[in-house]
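Under our numbering, think of the first position of the sequence shown as 114, with each following residue one higher.
If you are wondering where the hints come from, they were derived from the structure by calculation, not from laboratory data.
Glycine included, every Cβ here is placed at the ideal spot set by N, Cα and C.
Some hints here could point you the wrong way.
[Claimed, not checked] Pairs of lysine-lysine residues, derived as DSBU-like cross-links and limited to a Cα-Cα distance of at most 30 Å, are as follows:
1) 207 with 289
2) 183 with 133
3) 289 with 243
4) 207 with 183
5) 289 with 183
[Unchecked claim] Have a look at the derived ranges for each label pair, beta carbon to beta carbon:
6) 256 with 145: 41 to 51 Å
7) 304 with 236: 46 to 56 Å
8) 176 with 277: 28 to 38 Å
9) 267 with 242: 50 to 60 Å
10) 165 with 277: 11 to 21 Å
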Amino acid sequence: MAAQHSGKAPQHSKEEEPSKGHEALSWLLVIAIAIGCALAFRAFVAEVYEVPSGSMLDTIQIGDRLIGEKISYHFREPEQGDIVTFTDPEDSSKTLIKRVIATAGQTVDLVDGVVYVDGVALDEPYTEGKPSEPLSMQSASAGTIEYPYTVPDGCVWVMGDNRTNSLDSRYFGAVKVSAITSHGLFIFWPLSDAGSL
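Could you build all of it, start to finish, from the sequences and the hints given here?
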């Protein structure tokens, strides 16, 4: 015999309503934790950067996206040859990317288009033979940069690989290590440019 319907809507117990509120609260908590983890990861572990300029050509192309890791510099200082991101000394809202050429206490000299560090000419195949000349203009905040130049304590000297089209330490002077935001690891997009730095 078929069950008969009374025509009344089924009644929900009072116990079900709090459980829906509890479920919504649980979802909000999960979302908040996920956002917090993502922000913490970006702040302390790694960050994605898109390169808008050609100062690092041909190592890094315009529009390349790369990963910069933030852990290693908690345990060591930046080293010569590292590609680093750092806060623009002239505009704190911008992030720049360059190569570390010399570290604190080292002396940089530019002679006949060649970079010398502590009197030794650097082998720099990544410049593709472009000359490394002093820049005719310099940032007002940097003062006058004279060569040979000794990198101050707590600083590094950085230069773009595209030496004829890069405003770098030749323009704004040495960069404070505290301004460095990450160590460039690898390009991941576009796939045609993907590879380690």
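Each hint tested on the structure:
no., hint, result
1, 207 with 289, "15 Å, holds"
2, 183 with 133, "41 Å, violated"
3, 289 with 243, "26 Å, holds"
4, 207 with 183, "17 Å, holds"
5, 289 with 183, "16 Å, holds"
6, 256 with 145: 41 to 51 Å, "47 Å, holds"
7, 304 with 236: 46 to 56 Å, "30 Å, violated"
8, 176 with 277: 28 to 38 Å, "20 Å, violated"
9, 267 with 242: 50 to 60 Å, "33 Å, violated"
10, 165 with 277: 11 to 21 Å, "18 Å, holds"
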